[in-house]
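So the chains spell out like this:
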Amino acid sequence: MLLQSQIGSLLHQDHMTTIETLQGLEELLGSHRKPPAVDAALAERLGALAATLRAEVESHFAFEEGHLFPMFVSKGETGIVMMLTHEHRSILPMAVRVAELAQAAAAQGFDEQSWRDFRDTGVELVEREIFHIQKEEMGLLAAISALLDDAEDAALAATYKATVK
Amino acid sequence: MFAGAFMMGAKDRLLPPVIPFRFFASAVLFHVAGWAVLAWGAQDVPGFQGGGGAVVAALHLVTLGVLAMTAMGAAYQMLPVATRRQLGPAWACSLSWWLFNPGIVALGLGLGTGWSLVLEVGAGLCVAALALFGLLVARNLARVDDLPAVTWPAWVAMASLAAVLVLAVVLVVDMDVGLLTDRPALAATHALLAGYGFMGMLVVGFSAVLVPMFVLSKPVDDAQGKKVAAVAALALLVAVSGTLGRVFWLQALGCVLGLGAVGLYVVMQRRVLASRMRKKLEPFFRLLKAGWALQVLSLAAALALALGAPADRLAPLWGWLLVFGWLLSFATGILQRIMPFLASMHSGAKGGKPVLLSHLTHQRLLDLHAAAHGAALALMMAAIVLDQPLLARLAAVSGLAGALAFGGFAAVLMTRYRAHERSS
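Respectively, the protein sequence lines represent chains A and B.
Sequential numbering from 1 applies to the first sequence in my numbering.
Sequential numbering from 1 applies to the second sequence in my numbering.
No false leads were mixed into what you were given.
If you want a taste of the chain A side facing chain B, the calculated C-beta under 8 Å gives, among others:
#1 23
#2 90
#3 133
#4 137
Just so you know, these hints were derived from the structure itself, not from any lab.
All figures in this text were calculated on a predicted structure; none of them were measured in a lab.
For each residue, glycine too, the CB sits at the ideal point set by N, CA and C.
Chain B extracted, bound-state conformation:
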C-alpha cells in the first residue's frame, strides 16, 4: 500500500532539508574515516576473530557512521511522508544527530585505542542517539495500520535495535568488569542482530518504498512484504538462540530460514522491477544488485560456519560480506540517489525551476566510487581467503579511494544545490 501514498502531501511533511542532509553529510564523512582506519589496520583483517583495535574501530565507523546514520536520515525524511503520520518534533531528530556524531567518534577512538573511559562515553552517546531514533520511529509506526510491507520489517528492525543496544551496553561493561562467560557468543549475537536484524530489515522496509518509486512500478505486494518480515523474524529468533546457546544446528536452521527470507525478498523485488514503466535502470542499481547478491553469499558463509567450516577464514569473510558487501553497497547506492532526489524536491521553493537531478549528480565520481568499491570488495575477499595482509591493505586503499570519490560527489551536489538556490 505504501508506494502510492508516498508523495501525497509530501511537501507538507518533508522535514527542513538541513535535518536529513546533516545525517547524509555525516555518513559521507564517516565513510571516508571508516575506510581510512581500515586501511591503517588492514593487515589484521585476514584471520580477524574479534577484539579491539583498528579493524573493530573501522567496523563501527562504517556500521554506525555510515549505515545507521544513512538509515536515520532517510527514515526521518521518508517515514512521515510514507505513513502520513508525524514522526516527531524536528528538534528530537536533530538531537539524535548531535548525540550520535561525537558518540561515534569517541566509540571509534575507544575501540581503536582501548581507552575505556572514551569508549564508555562514546557508547553511551551512541546508545542514547539510537534509542531516541528507535522511540521516534516506533511512535510513528504505532499509529500506522495500512502499510504492512513497510511497517512489519520496520518493527522487526526496531525490536532488533533494542536488543542490539542492550547487548552493546553489556559488551562495553564487560570490557571493564569481565562479567561474561562467553563474550564471543554475545558479540556474534550483537553482530547478527545489528546486521541482519536492525539494518537488514530496514533495507527490506526501505526497498518497499524506494525501489517502486524510482522505477515507476507497481507497489510491493502487502502479503508478500508481511511474509518476508515474518520469515526473517523467525530466522533471527532461531539464529540468536543458536548463537547464544552455541547450538550449531539452530544456527544453521537460522541461516536456512534467513536464506528463505532473502529468496522471498528477491522474488518480491524482481516483481517490482518486472512491472516497471521506466525501462532504463539508473546506475545506482548496480550497487543495489551487488548488495542483494552479496547478502546471499553472507548467509551462505554463515551457514558454512554453523556447519563447522574453519572460522579463521570464514568468520572475517562473513563479516565482510555482510557489512561491506551487502549493507554498505546498498547504503551508498541509496544515498547517491536519495541525496539529489531530496535536493531537487526541496529546490525551487522560491519560485524558480527545481534543479535537475543530472545537474546535481557528478556521474563520473560515482562511477569511480562504484569501481573502487567493487575492487575493494573483491580484493578483501581474496585477502581473507588467501591470508594476504598486503592484499587487504590494497583493498582498503581502494575502498578509501572510492569513499573519497563519493565525498567528491556529495560536495559537488551541495555546491550546485546552493548555487541554484542562490540564483533562483
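So that you can see chain A by itself, here it is in the shape it has in the complex:
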C-alpha cells in the first residue's frame, strides 16, 4: 500500500538507506566510549557515512520541500507539511554537522573533543531522524498514494531522478 506510487517507492528506498546508515552510526557510537583509532577501514566507513548523510538527508529534504510539499499544500494537507518541515529544520544542521565531523575524522582521526561532538550530535541525529522517518513512512507515503494522481506521481518521480539520484 505504501509503495503504490513511484515517488513513494523512491522515497522509501531513501529511508531504507538512511536507516541502515543510522543503525551503523548507532553501532559505532555505542561500541566506543573513548575516541576510536581511525584506521583505513574506519576512515572508509566515516567517509561513506558523510556521503550518505549528505545525499540521503540533504537532497532528500530539499526535494520534499521544493517539490512534494508544495503539492500537498495546494491540496490542503498543511498539517503534515508543517510538522515535517519543522523537523527538517532541526535535523538538517545536525546531519550536516555529523557529516563534517565524520569527514574530518576520516582525514585526521578523532581527539577527545571531536569524538565528544561527533557522539553527542550523532546520538541526537539518530533519534530525531528515526522518529522523523517513522512519521514519513507511516504518513507521508500513504498521503502520496491518497492525494496524487498518476500524472503528478510520474512527474514527481522524474524530477526526483533528475535532481536527487
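Starting from the known structure of chain A, fit chain B onto it as the hints suggest.
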C-alpha cells in the same frame, strides 16, 4: 491498510494533549492503588474463588483503572488519526474521564468494604463512562470501511463491552436483590468477556496500529487481521455459551478456538517484526513479548479448568495470568512508549525543536518497573500454586514497587515535557 494512514493529517486530528494525558495519568495512579490494595489483601489470592473484599477491589482498580483507562486514552487519541474520521467532541471524551475516575474509586471502595450504596454509585458511574466511550468509538468505526485489521477486532471489543456492562449491572443488582441462581457462572462470563473480549480485542486492534509504526515494518495484512478477529469472536461466543450453560466441552472448545486466534495473532505479529526496518527492538517490547506468552498460558489454564482440573489453584492462576500477566504487561509496555511519543509529537508547537523521546524517558525507572513487575508475576504464580499467602504478599509488594517506579517515570516525563514547553 491502517499503518500507512496513521500519520496523514495526524497533527490536524490529534486531540488537545490534556485529554489523553489525563487518562494516562489516572492509569498511572490507579496502577499504584491497585497494587497497594492487592498487597493489603494478598493473603486471599491463593485459593481465591470470587466474592468481595480487597482482592476483587484491587482487580477492578487494575482492570478499570489501568487497562480500560489506558485503552480509552489511547483510543481517543489514535482512532481518529488512524481512521481519518472524527471520533467525537472533545468534551464527550473529557466527560467520560470525569465520570470514570470517581466511579472507579467508589466501585473499588464498595467492592472492598461491601458498602452497597457506594458500590452501586460507583458501578453506575463506570457503566456510564464506558457506555459513552463505547458509543463514541462505535460512531467512529461505523464510518470506516477500509481498515479491517483495526476495525474488526475493535467491533468485537465494543460488542463485548456492551455485554460486559449489562452483566456488571446484573451482578451489582444481584448483590442486593439476590436474583441469580448461578452467580459464579455469570461472574466468570463477565470476566472472560472483559478480559479476552473487550480488552483482548482492543489489544489486537492496537497492535495492528502501534507495532508496525514503532518498528517501521510493513502494515498488518488485512485478510490476516480479519481472520484473527473472526476466530476470536467465534471463540468468545462458544466460551460464553459454555460458561453460562456450564457445558464444559463448549468451554474447552472456546479455549481451543481462543488458542487458535492467539496463534494467528502471533504469526501476524511475527511477520510484522520480521519485516521491520528498525532492527533494534526498544525495551518496551520485553513487556509486550511477556504479555503475548502469558496470554497463551492464560488460555492453557482456562482449558485445564474446563477439562476438570482443580479450581482452587487454577482459577486464581487463570485470572492472574489473564489480567496481570497478559493485559497489564501489555498496557504498561504500550503506555511507556506512547506517553513520550505523544508528548514529543505535541511538543515544539511554539516553533522550537520537538523534545527528544530519550530526554522524556527515564529508562532506569522503567527497567526497575519491568524487573519488579516480572518478579511479582512469578512470585504470585508460585504463591497460588504452592498456596503460600506470605509469598503472595511479597509478590504484591514487588508489584507495588514496580508501579511506584512507573509512576516516577511518568512524573519525570511530565516535568521534563513542561520544562521543555516553557523554554521553547
